[in-house]
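Student: Here is how the chains run, residue by residue.
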Amino acid sequence: MSEKIQMERHNFDVVVIGAGGAGLRAAVEARSAGLRVAIICKSLFGKAHTVMAEGGVAASMGNVNENDGWKVHFRDTMRGGKFLNHYRMAELHAKESPDRVWELELWGALFDRTKEGKISQRNFGGHEYPRLAHVGDRTGLELIRTMQQKIVAMQQADKKEHGDAESYIKVFAEVTITEVLKENGKVSGVYGYKRENGVEVLFEAQAVILATGGVGKTFKITSNSWEGTGDGHALALKAGGNLVDMEFLQFHPTGMVWPPSVRGILVTESVRGEGGVLTNNKGERFMFKYIPDVFKDKYADNEAEADRWYLDQDNNRRPPELLPRDEVARAINTEVKAGRGSEHGGVFLDVSKRLTEEVIKKRLPSMWHQFYELAGVDITKEAMEVGPTCHYVMGGVEVDPDTAAAVGVPGLFAAGEVAGGMHGSNRLGGNSLSDLLVFGRRAGAGAASYVKQSQPVKVSEGSIKNAAERIAAPFKRTGGENPYSLHQELQEITHNLVGIIRTKSELNDAISKIADIRMRIENVTVSGDRLFNPGFHLSFDLDNMLLVAESTAKSAIVREESRGGHTRDDFPTMDPKWRTLNNISSFNGKEVVVKQQGLPSMPKELFDLFDVHELEKYMSSDEMAKGGR
Amino acid sequence: MAKNIKLRIWRGDANTGKLEDVSVEANEGEVVLDVIHRVQATQMGDLAVRWNCKAGKCGSCSMEINGKPRLACMTQVANFKEDETITITPLRAFPVIKDLVTDVSFNYKKAMEVESFTPPADLKPGQARMQQIDVERSQEFRKCIECFLCQDTCHVIRDHEENKKSFAGPRFFIRIAELDMHPLDMLKNRKKKAQEEHGLGMCNITKCCTEVCPEHIRITDNAIIPMKERVVDIKYDPVRWLGSKIRKREGIL
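So the protein lines, in turn, are chains A and B.
At position 337 of the first sequence (counting the first as 1) the number is 338 in this note's numbering, and the numbers step up by one without a gap.
At position 148 of the second sequence (counting the first as 1) the number is 1395 in this note's numbering, and the numbers step up by one without a gap.
None of these hints come from the bench; they were simulated from the model.
Hints are supplied without guarantee of correctness; some may be wrong.
To be verified - Okay, derived cross-link-like pairs now, BS3-like style, lysine-lysine, Cα gap no bigger than 27 Å in a straight line:
(1) Lys161/A / Lys1411/B
(2) Lys1357/B / Lys161/A
(3) Lys1440/B / Lys161/A
Claimed, not checked - Some, not all, of what chain B presents toward chain A, calculated at C-beta under 10 Å:
(4) Gln1323
(5) Lys1345
(6) Gln1386
Quick caveat, the model's predicted, so the values are computed rather than measured.
Note that CB positions come from ideal geometry on N, CA and C, so glycine has one too.
Assemble the whole structure, with the sequences as input and the hints as a guide.
Tutor: Below you can see the structure in the form of structure tokens.
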């Protein structure tokens, strides 16, 4: 390739980075407010990781049990997050998710129905009532396709009205963004390159919405696709934003464990929601042993009651297979370590004894297909082997709950998995799809009102030059390491030292090893040229993953307690002191720095929604005495 | 467990290219995408391939394996004979960008040409009532993961670039059928437009699309044939033809 690199220049009001659920919902909202929007995705349009979401979208519509409502959903969410959630996010989420689901129906979504013809809702871990609107076990695909088609519908309307389908919304597929540009402290645009040919692209825009999803590829065993490399987390850090509580990672209890090539691929929680039971190699239904004190009054402690719950939910406690994900993942981990695991290092999940072949194929069609095609297992006849897999990051960009504006960076917004705070220390299943709808919409609206109130800032030539140099760098170096092997090394470190169970010495080890890779990454060399070159692409993803891993390890070492998606072998219990503190990561240009910040406390009207005896299990006597703000 | 297998992979760009032979390790239970990734990590760092979920849910890793349109993530290496060379080439119906990556923008253009979902103007959020049995017909088509294997295999466009202008392809016939059967869609004449604007008539129901669909959507039987039958029914039944002229009932099409 010649030295002269071409650059495309575009101008929009808002740039949305990421075309999953949150990004698309944000784009719809910003366009509806009259703005010109660019949607940027690393993959083709419609392939984002949201398609992998299986179980459903949580919204207290009360279609199956009319006792449900936003207050119950709010309580479940706070409980699931072990009260480390930002109360305001959990409140907005619980209040607004029914409207967000109903609105999808007006855009063409076809959810499964109840007998009365309403949207059907299913049970899920941690949700008191059947709450998850679903389409078999491919709910995420329905969400993304519905919003993709909504975008197309808006483009068709723009074509009629303005003569050009792309006059207001334009999708830029297969583009990597390497930098959020700022001038005088405010966002001025983003810079990146087209994956297809390496041509560099400048987007001038007053507002940038990060909707880049998660960080799973930082870990060895993950349910995430290659796109989950923490791009938005890293972009925010480098732009001067903060990440909140990066130590909290959700290991989904049920990933596939065999064969090796599919290790980590998700087995939906719906399998347990529909009646699947977990057993060890002795045939023991072990979850009864792992019900923590804080949940004892909500979960059955014997098989007879747990089985009755499927028929009568008002008079029986729930089966412990439906405990929040962090509890189930730790239980499986303990069983396997104690030598009671399956042949390939997992446990057994069996739905064949409770449901008929016909019902399984109808309610869990993609699970049946996945196991049959990839593992040669027929789940209508035999048990699945499952084990924990890195699934979701609760930590993320620190945002203002109402507008999704990133704290400290005017013009930057974040929504969906990349944003932090909503889920506290552990996310409930189904709360992710509702999160991305609720806060995707809020980010779009937040960015629109920001754009209307502020003046555009011009991108300087210096900023462009710096960003361009960074993109060109991997080809200019020689003799350095290959990005694939460095990525594998990073995954080994996170898996072994920052995984599901952590200790101080291992975390220290991880921090120094990550610092070592940070030095070596400066020398990464890639072969070939700029034409669709995966090695070149990985060299940028790797840099992002490294910042994420550093934030996670450094936050994990200071949080000396176990809570939700952070388990310390050396501090095995929850500490009320740490319930009031968020770990805030920032980047000083050389390394990630973590400091503590007080968690906003609930106002009295939310505090009063809980039974005081429940709050006493989490809060100090001082907090209890205050009774909310 | 590990053994070496032989691959023949197409390498090149829009202008030039050739098949290259490589030998690579394969482990028990691996799919073709796994061994492509191993080739990438160890022998060809810049080998271009699209993929995302690696679980058959996103439809990104579409390619031709021994000439058959397939998802690489759902194709077991064990399905091939031990000494067989597995030939991997890009989708033939679309222009190559590099190696196994093709320019599939044709499909996004066609998506833009299908008129969108049109609900009743007075429908309020939360008020829709539909029976499960009525949503299931469209739900079958909404399982589509847009892998475009049906488009690739369809002989109307596979070797006939000239037909692309007037032919939307199986993926968009099921999209039209889905909207046509959607209990809340109010737009009339979808079938007629499928025939007149999207080239439904060019399909001669060889069912190749149904055969390659990784989601097992019965594209031909449940979408294309029912639409063709209705179109023919109205167009060639003299009584109904007359009725449509006299009473302006074209809306039933």
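Student: Is the interface hint for Gln1386/B satisfied, with its Cβ closer than 10 Å to some Cβ of chain A?
Tutor: At 5 Å from the nearest chain A Cβ, Gln1386/B passes the 10 Å test, so the hint holds.
Student: Does the nearest C-beta of chain A fall within a distance shorter than 10 Å of the C-beta of Lys1345/B?
Tutor: 4 Å, holds
Student: For the pair we were handed, Lys1440/B and Lys161/A, check the Cα-Cα distance against 27 Å.
Tutor: Holds, at about 18 Å.
Student: Quick one, is the Gln1323/B hint okay against chain A at 10 Å, beta carbons?
Tutor: Since chain A brings a Cβ to about 8 Å from Gln1323/B, closer than 10 Å, the hint holds.
Student: For Lys1357/B and Lys161/A, compute the direct alpha-carbon distance and say whether it is at most 27 Å.
Tutor: Given pair Lys1357/B, Lys161/A holds - Cα atoms ~17 Å apart, limit 27 Å.
Student: Measure nothing beyond the straight line between the CA atoms of Lys161/A and Lys1411/B; if it is 27 Å or shorter, mark the hint as holding.
Tutor: 24 Å, holds
Checked against the numbered hints above, the structure violates none of them.
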